[in-house]
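Q: One letter stands for each residue in the lines below.
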Amino acid sequence: MMKKPIESMAALSEQLGRPARFMEVCGTHTMAAFRTGLRSLLPEGVSLISGPGCPVCVTTTSYIDKAVAIAGTAGTSVYTFGDMLKVPGTESSLEQARAGGSDVNIVYSPIDALDAAKAHPDIRTVFLGVGFETTTPTVGWTIRKAKEDGVGNYSVLCAHKTIPEAMTVLLESGDVAIDGFMCPGHVSVITGSQIYEPISRDQGVPCVVAGFEIGDMASAIEMLLKQIVQNRSAVEIQYTRSVTRTGNAAAQELCNALFDKSDAQWRGIGTIPGSGLKLKDEFAEHDAGRIFADLELPEPVAPKGCMCGDVLRGTSRPTDCPLFREECSPSNPVGPCMVSSEGTCAAYFKYGETLEGSLSR
Amino acid sequence: MCLAIPGKIVELDDEDAVIEIQGIRRQGNVSLIDDPQVGNYVLLHAGFAIHKWSEADVREYNEVMDGIADARKQDDEEAH
Chain A
1 MMKKPIESMA ALSEQLGRPA RFMEVCGTHT MAAFRTGLRS LLPEGVSLIS
51 GPGCPVCVTT TSYIDKAVAI AGTAGTSVYT FGDMLKVPGT ESSLEQARAG
101 GSDVNIVYSP IDALDAAKAH PDIRTVFLGV GFETTTPTVG WTIRKAKEDG
151 VGNYSVLCAH KTIPEAMTVL LESGDVAIDG FMCPGHVSVI TGSQIYEPIS
201 RDQGVPCVVA GFEIGDMASA IEMLLKQIVQ NRSAVEIQYT RSVTRTGNAA
251 AQELCNALFD KSDAQWRGIG TIPGSGLKLK DEFAEHDAGR IFADLELPEP
301 VAPKGCMCGD VLRGTSRPTD CPLFREECSP SNPVGPCMVS SEGTCAAYFK
351 YGETLEGSLS R
Chain B
1 MCLAIPGKIV ELDDEDAVIE IQGIRRQGNV SLIDDPQVGN YVLLHAGFAI
51 HKWSEADVRE YNEVMDGIAD ARKQDDEEAH
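Each protein sequence line maps, in turn, to chains A and B. Numbering of the first sequence is given in my numbering, commencing with residue 1 and proceeding in unit increments. Numbering of the second sequence is given in my numbering, commencing with residue 1 and proceeding in unit increments.
Since the hints were made in silico from the structure, they are not lab data. Worth double-checking, as some hints may not be accurate.
Restricting the straight-line Cα-Cα distance to at most 20 Å, the calculated cross-link-like pairs of lysine-lysine (PhoX-like) are [what the hints assert, rightly or not]:
1. A:Lys280 / A:Lys145
2. A:Lys226 / A:Lys4
3. A:Lys3 / A:Lys226
4. A:Lys3 / B:Lys73
5. B:Lys73 / A:Lys4
6. A:Lys278 / A:Lys145
Construct the entire structure; sequences and hints are all you get.
A: Below you can see the structure in the form of structure tokens.
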């Protein structure tokens, strides 16, 4: 099954006659590319660099500080996806806050947090709304449901972000040469592949939406190479079993009804205009950012020596960081890229020894 | 975090479904997909079905997974 795309990648790479660097934007792709062994199958001259598509990794220290402060407020429970627990804040992670007595809970779905709010109407229940376009509608659904059902003690600390703006900023910065994007599969289930059209059209960079199995990703790289060899840039869908050009209309309508576009802070990148989503005023009673606006927070301090910012921009590899494997490991993470199960540093740590030869690609 | 896993709707009650994923049953909300039916294969993310596969999509997925299984088997045979 893999023979054809491997041979085709090699032939196209030879035909191209120069190195090609593709960015896998999504953290799930980063981990899948290591786990499946894709990196070791790439021809000489084709390299993959990891992008900013791990929502936990790009969440700012100040967001963690706010979540920790909310969790420390009397009569309040915080609910979160598990990856967020160990991300270091300025003074504490959520895990440390929990050990100190704060009520911090891991859930599989935001619905679990809404159910907890219904079960305990005297407790202010806050869900940490972190994630890209895939996750935003699921969190948005709980906010709309809370409003419809009058669950006044349920709110969301919203840090949802959108991907295309970050891809554009990376290209325009010129910090890293990118010959094409392997675009996120499940973000695109919701948005459709149409969101990448300005990138291929205006920036002249090929985009291919890929699935997460090894054959999917190899075919996507083959499609990217073919576009470069043919000197064209278009948005193509490899992951046709799940992605269309227009995406999931119901999810898009839900998000449009709840959120307005805003500027957003990305760890390592800075403020990206129009890349955030803030709750509309009519949902203010479910907006933890407004409900807990007056909490005192520490001045955020980035971990000393940590190169997560460079890793997220694709300008450095985890192995370039002096903390990697030394002070920073999954059991004792210094930066968020080592915390998240989809973080680039975690992937290099987990698979680095078995794929030593391919890490340079 | 953007992980989504394919599963089959085995029970349905309005917006709430039971979705079977590799033999494990999970609750899933189906309000974000059109016309969910028992027997449909869907992608499940954070407790929500976010996409419904057609029969052709299911076939394609099975072919992809069979291909991986065959490749693994071939690797194992070559290793021995």
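Q: So, for every hint listed, does it hold in this structure?
A: Evaluated hints:
1. A:Lys280 / A:Lys145: With Cα atoms ~15 Å apart, Lys280 (chain A) and Lys145 (chain A) stay inside 20 Å; holds.
2. A:Lys226 / A:Lys4: 14 Å, holds
3. A:Lys3 / A:Lys226: 17 Å, holds
4. A:Lys3 / B:Lys73: 14 Å, holds
5. B:Lys73 / A:Lys4: 18 Å, holds
6. A:Lys278 / A:Lys145: 17 Å, holds
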